[in-house]
Each structure stands twice: as structure tokens, then as C-alpha cells.
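Protein chains in written order, with our numbering: chain A, 113 to 684; chain B, 113 to 684.
Treat the hints with care, since some could be wrong.
Same chains, same label: a pair holds when it works inside one copy or across any pair of copies.
Mimicking DSSO-like on lysine-lysine, the simulated pairs with C-alpha atoms at most 30 Å apart in a straight line are [said to hold, decoys possible]: (1) K311 / K590; (2) K210 / K148; (3) K681 / K457; (4) K148 / K590.
Quick caveat, the hints were computed from the structure, so don't treat them as lab data.
There are 2 protein chains.
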Amino acid sequence: MISGTAEQQPAGAARAATPEKILDFQTSPVCYQHWKLSITPPVARLTMDVDESGGIFPGYELKLNSYDIGVDIELNDAVQRLRFEHPEVKTVIITSAKWNMFCAGANIRMLGGTNHGHKVNFCKFTNETRNSIEDASTYSGQRYLCALNGTAAGGGFELALACDYLILIDDNNAAVSLPEVPLLAVLPGTGGLTRLTDKRMVRRDYADIFCTLEEGIKGQRAVDWRLVDEAVPGSKFADRIEAKALEMASSSDRPAAAQGITLHPLQRRITADAIHYVSLNVTIDRARAIATLTLNGPEQAPVADLDAVIAQGDEWWLLKICRELDDALLHLRFNEPAIGTLIFKTAGDLEKVRAHDDFLNSHADHWLLREIRLYWKRTLKRLDLTSRTLFAFVEPGSCYAGVLAELLFAADRTYMLEGQFADTEDPAPPANILLTESSFGPCPMSNGISRLETRFLGEPHSYQQARALIGQPLEARKAEAAGLVTVVMDDLDWQDEIRIMLEERASFSPDALTGMEANLRFAGPETMETRIFGRLTAWQNWIFQRPNAVGDRGALKLYGTGNKPEYDKTRI
Amino acid sequence: MISGTAEQQPAGAARAATPEKILDFQTSPVCYQHWKLSITPPVARLTMDVDESGGIFPGYELKLNSYDIGVDIELNDAVQRLRFEHPEVKTVIITSAKWNMFCAGANIRMLGGTNHGHKVNFCKFTNETRNSIEDASTYSGQRYLCALNGTAAGGGFELALACDYLILIDDNNAAVSLPEVPLLAVLPGTGGLTRLTDKRMVRRDYADIFCTLEEGIKGQRAVDWRLVDEAVPGSKFADRIEAKALEMASSSDRPAAAQGITLHPLQRRITADAIHYVSLNVTIDRARAIATLTLNGPEQAPVADLDAVIAQGDEWWLLKICRELDDALLHLRFNEPAIGTLIFKTAGDLEKVRAHDDFLNSHADHWLLREIRLYWKRTLKRLDLTSRTLFAFVEPGSCYAGVLAELLFAADRTYMLEGQFADTEDPAPPANILLTESSFGPCPMSNGISRLETRFLGEPHSYQQARALIGQPLEARKAEAAGLVTVVMDDLDWQDEIRIMLEERASFSPDALTGMEANLRFAGPETMETRIFGRLTAWQNWIFQRPNAVGDRGALKLYGTGNKPEYDKTRI
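Next comes chain A alone, as it looks inside the complex (with noise of 0.2 Å):
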């Protein structure tokens, strides 16, 4: 049995980097505060035992195992080095530590206290964090079941509602609900009313009175509403939840003997103005509103084998720079709000990003470049989601190859320079853009089809005539005419349209821009992911903006206190 990895570094070691107190997701298991990771292969054990006073932000107790962001860092880190660290764990098993309790979902006082944006974030991120839950499950062979030792209430059921099986204790005590509307005036918008239509396919009658049912369903009655799949009585829970682990693990197929690598903690130095990772700068303009990304492309060719790639590990260029984004994507969602507008823009050699991602694409089957994958597919997402414009330039030097070209169909609108920049000593070369087999399934958005399957749908010739471009190096106008780039412009119009759009862009509502964003970028199939993160998770906004919910007499507001919120009654 080990715990964690031993060389991790405390958690919150770089907020000492800047003065202001900064929400940090890195973190590693021997600094968990709120989860315990056991594992015995093929099944690793997660546990939940929330620290009551290690609430992330001052003014509430994390009571009852409820949760704050600080508690999902930790899940969300537990979820990312199970797959990356631990090959050969097949079943993960979530439970709790606490008597009676599963779970008690978000954290009240927490949602009371912080402001809209945070509340929307939280949520948003709590949702990628079950997403990938699933994603471990559907793609990588690591199945989760859900040993409910105790009451899960509101986002304690929709964390297993994430989860594969559900095994409930039959002990005439715990029982699952999704309470908020009754208590709190909210959603369970932690994917709870999406799973339980599109995953456990619960009735809607049933589900209707489930969702208003404050002290939720036990026993028998939750295995017939589909709500839970077993109900197990606590003489027999033990052995069932161990029988069934084994069970969920026979049919996977990742390599029990297979070494994982461990994901260091990411050298990374924060300054008022600028966060510097290894492969990846970020610099901030306040006054602009502007972040722009610039991702480096590897300096070395890929290394011959599979073993070489091993070895490096987190080292390996495509993993360095994927946890390098995932971070920064979640720093500037957290920790700079007022950013609206991200640049994305690239550096270095085309043909050693093409190299590195072929050699990623032709050995998609080995177990931790399938992982490699699939984490470059889910920061992608997170891509997509981020509530900020997302512009990409293509200009000299750059090298938009292979998975870093989903960068050009993730943003909003992508500006290309055609030629060279006159005025710059030594100028680099013209850009080209290079498609490879990336662009063309293993990276999907969370509606199910690529970027530029969605980004084509109106013309199928152009998803068809863009597969045939693959492997070519592209300069703008081939760019241009394939569809590719939305304004090429010479070196005499960038610097001042760019500057023009940019300003125009900041002009905007922020909130205007949120939700047009939100609906132009998915355009196409809906999935359950899109359900959550498009019509759930809007109206749940909504709802986080109504008196009803937030205001002073809001049922948020006063939970725990003893006073009944008072509502306005009109129905909107």
C-alpha cells in the first residue's frame, strides 16, 4: 500500500510569489488536507475526510464533509495522478471517513459568502473535475464506484452521480437527495439534474419529487427510481464494495505492471504582472484587459522510443505544456477576473511540434500516451469553457502544428500575418500552420465532434478538403482559403487593427460576451457535458443572481440561521 508520492511540495507554495492571496490548484497527495488516497492494485481507495476547519476562505466550517474549492484541488489532483501515476489501479473507490455522512455537498456558508463569480467558477470547475470522473472511466480503464457509507446530500450525490455504480448502505439511515431547491433556493448544478435525466435516466415525475424530497430516498426505494444501483445492508457493505471493485477492474485494460510517472510540482514563478512555467509565458496588460499566452514549442526532436518518453515523464514536452496550460487556464480563471480577453500565441519550430505530436498520435494505444492524450483533450475543454474572449495570432516564428493548432479552432477568431514583420531585425520567417491527425478526432470538444468538424458543419467540403491538407505546411492565404484562419493581414495593418479590435473587444459587456460566446462556440450535437456546462449551469447563473437565492432575506443567505427566506412569488 503506498500514499501519494513522497517528493511533492507543500501545496500553496507559490502564492508566497505575490502578495495578494492567489487560489493555487497545484497540490499532491501528502499535503491533502481533506482526502486520504490508499491504494492496494488493482483498487485504489479515496477517501473523504474533510478537515472542518480547513476551509479555504475565512467564515465557515467545512461541516458534515462539505466542500469548498479548496476540497475539489485535492479531488481534482487525486482524479489527474491516478491516471498518470498509477497504471495499474483499474477501480477507484470513493467513501468517506466520517460516521453516517457521505458527503454533504457544497459548502453553505462558503456559497453565501463569496461573490457571483466565484460561485459560477466553483461550480464550473467542480463540473470539469466530475467530467473527468467520467472521462477516466469511458477512456482510460479507471472505473469509479461510489461506496455511499453514509448520507449524500446535493453536490455529495451529484460527486456520485459522477461515479460508475452506487453502492447505498441499507441501514434505514442513509439515504441521497439533491435538496438545494427546498433548502436553498438553487439548482444542484453540479450536474445533478443532467445526470439524473440523460445518466440514470430517473423518470421525471420521480425526479420531480426526488428534487423536492429534503430528506432524500433510502433503501430499496432508491435502487427503483435508478437513483442508485445497489442497496446493501452494513453487515454485507464491506465485502460487497470489495467484490465489486474487483469485479469493475477485471474488464479493464490498463497494464497492472506498467510503472507510472510521477507529475512533479510545476516550476512556475508568479509575478504581479506575468506567471513564468518552463514552456509557457503568461503576461497580464490591466490596463488592456489582455493576457497573452505564448506556448514554446520543444526544443529537441522527440526522443526515438517509448521507453525514452517514459523515462522523461512529466518532462516530455506535450505533458510539460499541457499541465503548463491546464494551470495557467485555471490561475487566470480564479485569479484574474477583470482579464477578458486571452491572446494565444506560439513560438518555435513547426516541424519538432509535428514530430512530437506524430510520435504522440502513432502510439496512441501505449497506455500513457493515451493518457497524454486525453489530458490535452480535457484542457482543451477547459479551453473552450473559459468564460474570456479567446483570440489566436499566427505570426512569425510560430508554430501552430498538431495539437497546439486546435489552439487556432478553439478561439473565437484567429488573425494571421501574411509575410513578414518589415520593421523587425533579422525577421523570422512567414508563419505556416501544420494540421495533423489531432485536429481530425482524438482532441473532441464536449459536444462530442472536433473543432473543425464543429467549425465546418455548414460545409462538409471543407472538413473533407482540410483532412487532405494534413501534414502540409500552410502560410495564410492556403490558410485563408481553407477555412483555417479567420483575417490574414500584412505587416502594414496588424499592429494598428489588432490594436483597434482589441480596444472595440474591451468595449463590450463582459456579460454580453459571456453568454454569445457560450452559444457560438458549440455549435452542433449537445451531449450531457454540454446540457450541464450550456443549459444547467445557465440557468443555475441565473438563479445565483436572484434575490430569492442571494439577496438579504434569500434562502442562501439565511441558511442556518434559523429565519424561513422570504420569496417573491411572480414566476419568471
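Based on the hints, put chain B in the right spot on chain A.
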């Protein structure tokens, strides 16, 4: 050429029935203030000519063919009458009587001046009307050609987007635009964003540019970006419209020689706490925030043949009660915002309802009965989208058969009494439910599948089982076993349980219920319609609460004053 039907009464006649001003959705062509309808078979021309001083509320002028709910009530009426009264019309041209201006969209001062509830209901109704245009085109053989003889801005272009084919005059002046984001800090919320991405399939980066470009796009570029289908010079515009209208008509299956029926004014009496129609009674219990809608079955068996039904016209029970239900739902939405729960009841002879329903389904290829079926479909969709709790009660004497049984599956919960009411003199016999083909195809929800298919997503065997029960009267325990009702109770429990349940429902936050119901009602597939009412509308409702749009310094409030809005720059 005919213009409307002569025997219609003026709009608003019913308003005198209640001392307060109510919004009335009944009108007719002779009363139109804002539209002109002229017909030269097979083409109808619906010309927007908004009366500037004809706003339905005080405080704004309807300049430049901008619209408020009053303008859209007339449009809805016209679209409806064209289907029922004019089988000979195969193409409808929508155009404008104003110089250089097709339509400037929803009136901004109206939007800035009305409360949140009206804004939301206004958008929902205008969306439903645009969807009904598409419904006429897809299912009724009546196609819509938009003759953009001037600029179409915002809601004006959204109306155009609902048409099958858009021809823009190419005169260096007329543009199409969606300037809501840059000008007003709200979304193009009448389906605009969704139809851009999912109907016109505009490339997302072009859509981003288009939606941030105040002045819009003209001429060939509008064609290139798939915003319109053709751009035609003024000299050829009229001829091209004429030719295209006839071409579109040529593929219609509407019967040129058939005689339409007249939709007479509804017989309706509105009192302080009730609305009395012929076959529908609505009673309002303000203290408990409940409206009870009792639909009365037909008194006679259906007439024996098609000619007799055509002769009955809008007196035929299945059409009459559908019109009454549609009107009642709109009335309750707009005029009774504090009524949080709608209870459905039916009263009548189950066999007579079945006979009417069977007649409808066995003659569904006749143009008029097709229209009646499609109207039931749309009205039931309107019910699904009504943001009130929906309960159906199945009591002795009820007649839930055929389309009326759909009320049971549209409801959030259905309660059925087992046996009879004991303390009643001459008690009615126990209730039965009776399924017909109407529940298995003709009335899909906006998600594209039937209510029973949606209900039984998680148990397809129950769907098949229900289909096998077509035509069999099902008493309470059989209906429960088939999964068709939520709760079955006997007389001993009924009164108390129902009372407690209704009190509990009324104690919840109306906002939380609206969000919960909007999620639980629409499991399964998403369509353009569900995306409009889910994703787009939910985001718009959120924005309609945000100070950046509706605050004292927000864009909607300051538009036209010469003052620039001030935005909180935080991105949510």
C-alpha cells in the same frame, strides 16, 4: 385578392371584462395595426408596417418597424390564420412597407422599461412564433420567403432567420445585423445566435465578427457568410421575389382548391378569478397561487365524415378546445405571473374523446386535420415551456384519452384516484386513462421525441408496453403499473395528501422551480428549439438580470440617451 376575414371582432374586446388592462392574444387581420396581409394564391404577402404610436405600453414609439408584444401578437395570429384559413397559400412573403428598413428588432425602450418577467415572457412568445413559422414550413407545406427590402437589425434579422429563404436587396445600404452585444449588452435572444450556428451554420469566427459588428453586413459578403441566400439589386428585386415565391410554392402539398375554415373570436369570459371558455374553465385560487384548468370532453360523438368536420370548422371540439387551451396558457403566462402551479383536470366521456382522437388520427393526411394535429403539437409544446409547476389530477369523471392524455405526460407529476370519492352523492365511476396513437408520434416535444419516449428513456420496455396498451381503458393500478401516473391514492388519503403537496410546492422559490423544471422536463435529445429555450434563453435571462444590461448605468437603460453605459469589467 383578399385581406383577412370580415367577421372578426376588434382586438381587445375582452379586455373590458376585467378592470385591469390585460394582454390579449386574440386579434384578426381587420384589426391589425402593424401588419398587412394580402393574398394572391398561391402566395401571401405579410407586410410589416408598424404604427409608431401603436405601442402596447406607454413610454416608447415603435420607430423603424421595431416591435413590442402587440406587434408580435398580430404576427402570431397571421401565421396561425394562414394555416387554417388559407389552404391555397403555399408561400408566404414577409417584407416591410418602410423605406430602407425591413425591421429594427424589438423596441429597446420597451425592453429597458419593462420588468424582468415581461422581458422573459416576451422573448419566449416571440421565439414560439418564429418556431411556428418553421413548423408551418416543415410540416404544413407553407413556406416562408423573407424579402429583405431594407436593413434587418437584431430581432428583425432574427425574424428573417426563421424563414426558409432570405433575399437581401443589394443597394449599398441594406444590411443584416445582430448588434445586440455591442449596442445593448444583451444577446440576440430570439433564436438569433442558435439559428446562426445551427440553421445557417455560419462559421463560428465569422459569427463572432458578425455579432459584434454594429453596422452589420451587406450584399455579397452576407451571401458568402451564409447570412442570407441571395443579394439582388433593387432593379431585379421584385421580380426575383415573385419568381422565388412561385418556385417555393411549386413543391407544396397544400390543396389549391380547398376552402379554408374561419377562426372566429373565442367565446371567452374573464372574471376576477376565472376564465370561462366553451370547453375549458380556468379557476384561479390566488391565496394558494394555483390555477385549475378543467378541460371538458365533447358532448357528441364525432360527426361521421370529413365534410361534416370541415363544415363544423372551428366548432369541432378538438380544434375549439385546443384554441382555448392555447389562449389560456398565454393569458396565465402574461397576466397571472404570481400563479405558480397549474392543475389540469378533465371531465367528460372517455369514449367520446377517444372517438374524436381516432377520427383525427385516421384522417391526418387531410390538410385541415393535419393542421389540427400540428396545432395540438404546438400547444402542448407551449405547455412544456410554461414556467409554472404542472400537475395533472385524474379523478372519477375524467376523460384523459388521446391528446388529452398528453397532459398527464406534460405534467411534472400526475395523481390518480383509485376508486371513487366516497362522500359524494351519486359518485362518478372510477377514472380510466386511455392511450391512443396520439401519444406515440404526432405530438413530439421540442426535443423531437414523444413525451412517453422521453419519460421512458431509461426503460424502453415500458415504452413498448405502453404502446401495447393503446385503446385499453386503464384504471389506477394498471396505469401505475404501466408507469403512466406518478402517485395513486384512494379516497382516504387524497384530500390531505394533495393539500399538503400543493402547500409545499407553493413554499419553494419560484426561481428554483423554474430552473429545475426547465432541466427535468427535457431529457434526451436536443434540437435547435430546445437549444433556443435552454442554452440561449437561459443565458439571456441571466444577462437580463445583470447591471451591465439593466442597471441604471446599463446599456438597455441608457440606449438612445447619448450617455455611454458603464460596465463592471469582471468576467463571470
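We went through each hint and held it up to the structure:
Only between protomers do K311 and K590 lie at most 30 Å apart by alpha-carbon distance; the minimum there is 28 Å, versus 44 Å within a single protomer. For a Cα distance limit of 30 Å, the shortest separation of K210 from K148 inside one copy, 12 Å, qualifies, whereas the shortest one across copies, 71 Å, does not. Taking CA atoms no more than 30 Å apart as the test, K681 paired with K457 passes between copies only; the shortest distance there is 24 Å, against 50 Å inside one copy. In the homo-oligomer, the alpha carbons of K148 and K590 never lie at most 30 Å apart, since the shortest distance is 54 Å inside one protomer and 50 Å across protomers.
In the structure shown, a violation is registered for the earlier hint numbered 4 alone.
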